[in-house]
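Asker: For reference, the chains in residue letters:
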Amino acid sequence: MIAPVNVSRRVFLKSGAAVAVALSAGGIRLEAYASENAQEVFAGWVEVKPDNSILILFPSTEMGQGSETALPQILADELDADWDQVSIQQLDEDDRRFGNPAFGKILYTAGSSAVYGYFDVLRQAGATLRDMIRTRAAAEWEVDTATVATGKNRVTHAPSGRSMTYGEVVALPDFTETALLTPATLKTHEQYTLIGKRVPRRDIPAKSTGKAQYAIDVRVPDMLYATVLRSPVEGESVASLNDEKARATRDVVDVVTLPDGVAVMAKTLHASFAGRAALDVRWTETSPFRKYSSTATLAAYTKAAEGKADGAAWSTHGDVKAGLARASRSFDAVYTSDYAYHAQIEPMAAVASVDADGKGAEIWVGTQTQSWTTRTATEVLGTTPDRIRLNMMTMGGGFGRRTELMQNYLRDALLCSKKANQPVKVVWSREDDLKFGAFRPAAAQYLKAGIDDNGVLTVLHHRVATPSVIEYFNPIRWQQVDPNDIISMRGAESKFYDIPDFLAEHIKTERHARILPWRGIGAAYTSFAAEAFLDEVATEAGVDPLDFRRSIMENNARGTALIDRVEEMAASVPLAEGRGRGFAFAGYGDTQAAGIVEISVNESAGTIRVHHVWIAVDAGQIVSPDNALNQIEGGVLWGVSSALFERVTITDGQVDQQNFFNYTILRNNQSPAIDVYVAENNEKPTQIGEAGNPLVPPAIANAFFALTGRRIRHQPLTPDRVREALA
Amino acid sequence: MISFTLNGKKVETDADPDTMLLIFLREELGLTGTKYGCGAAMCGACMIHMQGAPMFSCQITLARVAGMNIKTIEGLSENDDHPLQKAWIEEQVPQCGYCQSGQIMRAAALLDSNESPSEEEIRNWMSSNLCRCGTYNRIVKAVQRAASEMSS
Ligand code: FES
Ligand code: FES
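Protein chains in written order, with our numbering: chain A, -8 to 718; chain B, 10 to 161.
Derived by calculation from the structure, the hints in this document are not laboratory data.
Hints are not guaranteed to be accurate.
[Claimed, not checked] Once the Cα atoms are required to be at most 27 Å apart in a straight line, the calculated BS3-like pairs of lysine-lysine come out as:
hint, chain 1, residue 1, chain 2, residue 2
1, A, Lys258, B, Lys18
2, B, Lys95, A, Lys188
3, B, Lys80, B, Lys18
4, B, Lys95, A, Lys258
5, A, Lys202, B, Lys18
6, B, Lys19, A, Lys202
7, A, Lys178, A, Lys40
8, B, Lys80, A, Lys143
9, A, Lys350, A, Lys426
10, A, Lys426, A, Lys499
11, B, Lys80, A, Lys202
12, A, Lys439, A, Lys350
13, A, Lys258, B, Lys19
14, A, Lys426, A, Lys236
15, A, Lys258, A, Lys188
16, A, Lys499, A, Lys178
17, A, Lys202, B, Lys95
18, B, Lys150, A, Lys188
19, A, Lys499, A, Lys294
Note that this is a predicted model, so its numbers are computed, not measured.
Pulled out of the complex, with its shape left as it was, chain B reads as follows:
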């Protein structure tokens, strides 16, 4: 039996401890906001927070998650109103949208530690996350918008 905290609630499971957290979240718990894109730490679609740090959930087994605090896009805000989510809508960032949960989770971790990142800092930080639709420049704008909202 493995137990951990997910979006503020306790989860217990007897699933195979080798199961990747990503697959467990999506297929067992139905938290499909976190996406599978590569399974190889190359795309960032699966980005979650573990103990507050951004992590590729496709690289973490359930065994490693025991006792940890996990946050997914579903737990990022109470009413889908995290400043980043509002900024994403304001800047009309998503196209297909598939990468965007991961982008937002990645950006949230940046703003947790850096209130006003420069464009270059944003771009470098966000480079773990692929967007095939090409929304990178809008992502930068949305992160800047959220940062200024959060610091005002």
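Bound-form chain A, shown alone:
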């Protein structure tokens, strides 16, 4: 047996070892800070030890987006730390002092929010400690603080030639009493030494050698394995069970009935799968979900989108009715999109070791939220957070999959471990992960637009018929935000454009499948509809699609600069024979992006090939430039994959697809060349991780029109739809 991993990583927050940054009360001018309580803000973020090493807390979780390096980089820069002396510590508890400012201090890694959410607080924490170190050093040398400089873990007083390491300073008597009489001074962007510089990601060596440990890799002593046979239709449970054969399988230890399934616990994973295959279960077969099939669902959503009933206004200004009445010409169209699956390559897995009294547990799991993982455990065990010991594992992809309030993979591990009185690892097979996945919702959208005599867009009405994702995956949150569902609606606000009369509304439809946030959330389909539709309107108006956007972006200099840039980038490569290009302008949240794609079509096979993607992105100050490129490239490929292939269908409440042979995602030899431009500026940082994908599907649809003269208004653009469009 290999030694268990990550037995406990909680030392940092609890120990007062060395010198933690606890500002002495009264020593700081609180009013100068964003928070009312600076001590709360800074305590625990960073620790400088007498040996001159630095420990920085990483409050998010890592799923490939690179925040594990980028966030500490921000703090280390303001601290003037020697990056080589910095180690990084995962926050392994639901400690809201470190909560994500972009999510009301919930520990929640989603919405591409880590850098922009934490940027200010990390800078302030780093700068505060740096100024404390300078102040204490100045006192020691009896010189004016202003004459003490910092750099690379060192304070220096040039006039006298004296210098100390940070470690030496924090070891001086009374360091923790060091009071700052003025608020810490933040660097100007010219002074950055790490922010915006190429700093290699800390997690990459372990991920290049097979050493990175994911939840599915965790092994602890005496651990059992469990796999779960789950009710094939949502909302059903076991009606009758014959587990005789399963129990007789070699190495099977026990069979447990769960709320919506049956778990087979065994000494080996092989035996658990074998035992599961031998189960004989009848389900209640009473669920209303049995009557849902995705084709009918989408037809119902389409009817709702085209209907007259008002939805919840998501974004509105002016008056669309009056605007449409005034318009010189108007157009409308319906766009649809199917369910899509996350397809993260690590299937869901969790390890739980429940305490003997059943009221506490140690947990190893990869999720996007310490808060909801802790809550899942306390709800399942009927206990309090202090009894839960978390190990937040690096994730084999997140993309929204691991965000739910109630995490049933973890629930099952807890229930099994409690029953077995042993640690248990629950592993989902790929088939489980797909069949019991939770998807980007199916959506139907009705759009109506009007232009004036100059061919300028003056009015846009965008109706999105789709269920509320938040209501399902986080009912607590829904109570706070109802009826505004950012997960279902993001992107529909078309906020980078000036459109005098505008309304985006959410026609909340009945939920017919499990749904979750999915990379790009609403923008993954609202931008498809809006940007493909604007291309239609531009064509009808006889205006170049780029100029059409420019004419509604007169107050958006950063956005138009991206259009100019991407136009230039694509123009540097001549359009190849038999290919077409399409444009779209989207982005995510506050990040703007303009893109051009080049495609060709195999008419008989009905396949679209994407050859080249040019994309220009403005996400404000970039913390980690090379990683930003990697994220944008990844986002672009996600967009290509979703536009061309990705489609979950449901028949009588059951998912039809099983594995990667019938849920197809993009492969290496289908990937386009990608040229990325990232604007360099020092504006507030905004989202990166989901900025790349929303514009890709509409750009492909627009390129398809440019090449063939036909529109496809249904995502993905599958071969049957391509052939139908060309017929």
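Given the coordinates of chain A, assemble chain B with the ligands onto it according to the supplied hints.
Answerer: Structure of chain B with the ligands alone, referenced to chain A:
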């Protein structure tokens, strides 16, 4: 009793001969660098070398492995310094990293037989391996970098 050679060392086991090599490596031996992604020869996360050839370890039972020579990511290099591993770090390829052991093992088998593959050869060869994070273009660059390092 089944015995085979794993990363240069002899392994003997009385585990169920129907056990898939992937599960045996990961759960019995703790060699978790090799990943489970699909169990269906569709993703390549489980890629290992058997007799020097790249194989999906999710498709090979222990019974088939008897007497064979198996190499996993843990045995690819002595000090984690295979030119591909260095190139992966240099090009900052991984995002979530979950697919990358399989990608590297797949690429290593290519470079064993083709010193300077073209971009198209690399892409086609690497298409057995899925990367959901979308690192394909960096993978190509890293393979090219490793190839030129190995031939220089
Ligand atoms: S796990 Fe073997 S190919 Fe996917
Ligand atoms: S790096 Fe995440 S799947 Fe490849």
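Asker: Against this structure, judge whether each hint is valid.
Answerer: So, going through the hints one by one against the coordinates:
A hinted pair counts as satisfied when its Cα atoms are at most 27 Å apart, and lysine 258(A) with lysine 18(B) qualifies at roughly 25 Å. Restraint check: the Cα-Cα separation between lysine 95(B) and lysine 188(A) comes to about 21 Å, which is no more than 27 Å; the hinted pair holds. Using a Cα cut-off of 27 Å, the hinted pair lysine 80(B) and lysine 18(B) holds, with the two alpha carbons roughly 10 Å apart. Taken as a hint, the lysine 95(B) and lysine 258(A) pair is broken in the structure, with Cα atoms around 38 Å apart against an allowance of 27 Å.
For the proposed pair lysine 202(A) and lysine 18(B), the alpha carbon gap of about 19 Å is at most 27 Å, so the pair holds. Restraint check: the Cα-Cα separation between lysine 19(B) and lysine 202(A) comes to about 22 Å, which is no more than 27 Å; the hinted pair holds. Restraint check: the Cα-Cα separation between lysine 178(A) and lysine 40(A) comes to about 23 Å, which is no more than 27 Å; the hinted pair holds. Between lysine 80(B) and lysine 143(A) the alpha-carbon distance is near 43 Å, which puts this suggested pair outside the 27 Å criterion.
A hinted pair counts as satisfied when its Cα atoms are at most 27 Å apart, and lysine 350(A) with lysine 426(A) does not qualify at roughly 32 Å. Distance restraint check for lysine 426(A) and lysine 499(A): the Cα-Cα separation of roughly 25 Å lies within the 27 Å cut-off, and the hinted pair is therefore satisfied. At most 27 Å may separate the alpha-carbon atoms for a hinted pair to count; lysine 80(B) and lysine 202(A) meet this at roughly 15 Å. For the hint linking lysine 439(A) to lysine 350(A), the alpha-carbon distance of about 56 Å lies beyond 27 Å, and the restraint is violated.
Taken as a hint, the lysine 258(A) and lysine 19(B) pair is honoured in the structure, with Cα atoms around 24 Å apart against an allowance of 27 Å. Between the alpha carbons of lysine 426(A) and lysine 236(A) the distance comes to roughly 24 Å, so the proposed pair stays at or under 27 Å and holds. Taking the CA atoms of lysine 258(A) and lysine 188(A), the gap is near 49 Å; set against the 27 Å cutoff, the hint is violated. The straight-line distance between the Cα atoms of lysine 499(A) and lysine 178(A) is roughly 47 Å, outside the 27 Å bound, and the hint therefore fails.
With a C-alpha separation of about 15 Å, the suggested pair lysine 202(A) and lysine 95(B) falls inside the 27 Å cut-off, and the hint holds. At roughly 21 Å between alpha-carbon atoms, lysine 150(B) and lysine 188(A) fall within 27 Å of each other, so this suggested pair holds. Proposed proximity of lysine 499(A) and lysine 294(A) is supported: the alpha carbons are some 12 Å apart, at most 27 Å.
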